[in-house]
Amino acid sequence: MNETDCIRRAQQGDGAAIRELYQRYSPRVFAVVRRLAGDDALAEDWAQEAWVRAFRALPTFRGDARFSTWLHRIAVNSALHGRRGRERKAGRETELLPDTVPAARTDQAVLRIALQRALDEIPAGMRQIVVLHDVEGYTHDEIGELLGIAAGTSKSQLFKARARLRGILQRGHEADMKEEVYVASDA
Amino acid sequence: MSHLTPEALARLVDEAPTSHEAEHLAACHGCRTELDAMREDVQALAMLPDMAPAPDAWDALERRLVNEGVIRRRSFAFPVSRLAQLAAAIVVFVAGTAAGRMTAPALEQFAGGPDATTSPAPDTGMGSTPAPAGSPDTRGVPVNLASGRPDDLADSTPEPSSPAPIRPQPQRQSPISFASNEARLPQPGTLDEAAALLRQTEEWYLTALTRYAELTTGSEANDPIARLAALQSIVMTTQAALSQAPSDPVINGAHLTAIAQRDAALRQVAATSGNGWH
Numbered sequence: 001m002n003e004t005d006c007i008r009r010a011q012q013g014d015g016a017a018i019r020e021l022y023q024r025y026s027p028r029v030f031a032v033v034r035r036l037a038g039d040d041a042l043a044e045d046w047a048q049e050a051w052v053r054a055f056r057a058l059p060t061f062r063g064d065a066r067f068s069t070w071l072h073r074i075a076v077n078s079a080l081h082g083r084r085g086r087e088r089k090a091g092r093e094t095e096l097l098p099d100t101v102p103a104a105r106t107d108q109a110v111l112r113i114a115l116q117r118a119l120d121e122i123p124a125g126m127r128q129i130v131v132l133h134d135v136e137g138y139t140h141d142e143i144g145e146l147l148g149i150a151a152g153t154s155k156s157q158l159f160k161a162r163a164r165l166r167g168i169l170q171r172g173h174e175a176d177m178k179e180e181v182y183v184a185s186d187a
Numbered sequence: 188m189s190h191l192t193p194e195a196l197a198r199l200v201d202e203a204p205t206s207h208e209a210e211h212l213a214a215c216h217g218c219r220t221e222l223d224a225m226r227e228d229v230q231a232l233a234m235l236p237d238m239a240p241a242p243d244a245w246d247a248l249e250r251r252l253v254n255e256g257v258i259r260r261r262s263f264a265f266p267v268s269r270l271a272q273l274a275a276a277i278v279v280f281v282a283g284t285a286a287g288r289m290t291a292p293a294l295e296q297f298a299g300g301p302d303a304t305t306s307p308a309p310d311t312g313m314g315s316t317p318a319p320a321g322s323p324d325t326r327g328v329p330v331n332l333a334s335g336r337p338d339d340l341a342d343s344t345p346e347p348s349s350p351a352p353i354r355p356q357p358q359r360q361s362p363i364s365f366a367s368n369e370a371r372l373p374q375p376g377t378l379d380e381a382a383a384l385l386r387q388t389e390e391w392y393l394t395a396l397t398r399y400a401e402l403t404t405g406s407e408a409n410d411p412i413a414r415l416a417a418l419q420s421i422v423m424t425t426q427a428a429l430s431q432a433p434s435d436p437v438i439n440g441a442h443l444t445a446i447a448q449r450d451a452a453l454r455q456v457a458a459t460s461g462n463g464w465h
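Chains as they are written, first to last, in the working numbering: chain B, 1 to 187; chain W, 188 to 465.
The following block holds chain B by itself, in its conformation from the complex (with noise of 0.2 angstroms):
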């Protein structure tokens, strides 16, 4: 069944063409949601929002944008709403930035490990900042419209988060480093 098809199908309630969207495209969704919800439980619940917003505004849905686009932006904007829902209940985070000092490289593949268990430590202001602009791709504009702030608000924010993100990596580091050592020694 190619995508048009079971679009087509999926907007009158076909289960098995919804269940062949989900299946296509629930990596790409929960991946955006996971990242910017930074823990796995909520990811979850938010994905599974994202999935019942998209199948319910699916009949809407005209095909003027490609689906992955369309549903993107549901996932993105399902994600902040549930950020927006738990700040409400918790209150804002403070946001500090350490100091940092230069790291050796990694590979790449331990770096994108890193990279996104160090995602999950940042605050969450910062974190769906970084995501949207250096993961997902959007624009400061996009940004600033999606979370209601400015252009340069939502580039003060990046700069401070990937600072922050620098941080996290040279401690992980070190502590990697330290671990190095202690096992050189023990040899």
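One or more of the hints may lead you astray.
Pairwise CB distance ranges, derived in the manner of DEER restraints [said to hold, decoys possible]: (1) V110(B) - H216(W): 37 to 45 angstroms; (2) G137(B) - D223(W): 39 to 47 angstroms; (3) R28(B) - Q230(W): 15 to 23 angstroms; (4) R28(B) - S434(W): 53 to 61 angstroms; (5) R226(W) - G152(B): 21 to 29 angstroms; (6) M234(W) - G152(B): 24 to 32 angstroms; (7) T205(W) - G137(B): 44 to 52 angstroms; (8) N254(W) - G85(B): 41 to 49 angstroms; (9) R56(B) - S434(W): 40 to 48 angstroms; (10) D45(B) - A233(W): 24 to 32 angstroms; (11) A233(W) - A151(B): 14 to 22 angstroms; (12) R24(B) - E380(W): 52 to 60 angstroms; (13) P433(W) - R24(B): 28 to 36 angstroms; (14) D223(W) - R66(B): 18 to 26 angstroms.
Keep in mind that the hints were calculated from the coordinates and are not lab data.
All C-beta atoms in this analysis are idealised placements derived from N, C-alpha and C, irrespective of residue type, glycine included.
Using the hints, position chain W against chain B.
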């Protein structure tokens, strides 16, 4: 010489340096290294892979979409998790019943053995609690199944030449009561009757289990295709159990009941789909 701040280095990933920053970078190996590292971070962020949701995420989503009416025609996809639950329940039932038969006093012993009247079971309302000696028989006196006579007379009264008929117990109210047939559990008088009762209760159990599944899984179990698939799974389970114990009456009963239910579901599917499978 003061180093560039982390935020300034983060900005330089996207923007050109000022003249002062360019001079510093030219002279400072540490800041150049840090800027390179930050550029590498940003490149890696753009290449982070997709992430698979939890395997059961679709099940939960599908239930919600069905409940909200978003899914109007359910997928015919094999309901693996539901099948597994139902099959597991059947396996537990079959294994538990078989184990019970092996560990509890055997029917033959219950029918004629010395312990049959000396180890009363708790009164479950199903027919074997002895009445107090000398009390009128208003609840059904326990019967020695070999002789068909009341237990308290078994040792002192000569046995009749033919087994006494099972006495009906009209006053006895079974806790099992189905709206459709007001079923009562009779007291089996012979081994064959006990086996027949066992098969009957198995059928009730399966009916109740099916209904339970329907009630706990919402509208999903009303899907005849899903039900058919679930019943087929039960048949396969009991068939596998039969290969281990081919003459076991309990497993045979469960297997025959499952087959009957499956065939009924098949007829229902055929009837609702008009000319059959498409």
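Okay, the hints, checked on the actual structure:
1. V110(B) - H216(W): 37 to 45 angstroms: Distance hint for V110(B), H216(W) is violated at roughly 24 angstroms.
2. G137(B) - D223(W): 39 to 47 angstroms: Since G137(B) and D223(W) have Cβ atoms about 22 angstroms apart, the given range 39 to 47 angstroms is violated.
3. R28(B) - Q230(W): 15 to 23 angstroms: For Q230(W) against R28(B), whose Cβ atoms are near 20 angstroms apart, the range 15 to 23 angstroms holds.
4. R28(B) - S434(W): 53 to 61 angstroms: Hint holds: Cβ distance 56 angstroms, inside 53 to 61 angstroms.
5. R226(W) - G152(B): 21 to 29 angstroms: Since the Cβ atoms of R226(W) and G152(B) sit about 22 angstroms apart, the hinted range of 21 to 29 angstroms holds.
6. M234(W) - G152(B): 24 to 32 angstroms: With a Cβ separation near 27 angstroms, M234(W) and G152(B) satisfy 24 to 32 angstroms, so the hint holds.
7. T205(W) - G137(B): 44 to 52 angstroms: Given about 27 angstroms between the Cβ atoms, the range is violated.
8. N254(W) - G85(B): 41 to 49 angstroms: 22 angstroms, violated
9. R56(B) - S434(W): 40 to 48 angstroms: 56 angstroms, violated
10. D45(B) - A233(W): 24 to 32 angstroms: With Cβ atoms ~27 angstroms apart, the hint holds.
11. A233(W) - A151(B): 14 to 22 angstroms: Cβ of A233(W) to Cβ of A151(B): about 20 angstroms, so the range 14 to 22 angstroms holds.
12. R24(B) - E380(W): 52 to 60 angstroms: Distance hint for R24(B), E380(W) holds at roughly 59 angstroms.
13. P433(W) - R24(B): 28 to 36 angstroms: 47 angstroms, violated
14. D223(W) - R66(B): 18 to 26 angstroms: Cβ of D223(W) to Cβ of R66(B): about 35 angstroms, so the range 18 to 26 angstroms is violated.
Hint compliance for this structure: hints 1, 2, 7, 8, 9, 13, 14 are not met, and every other hint is.
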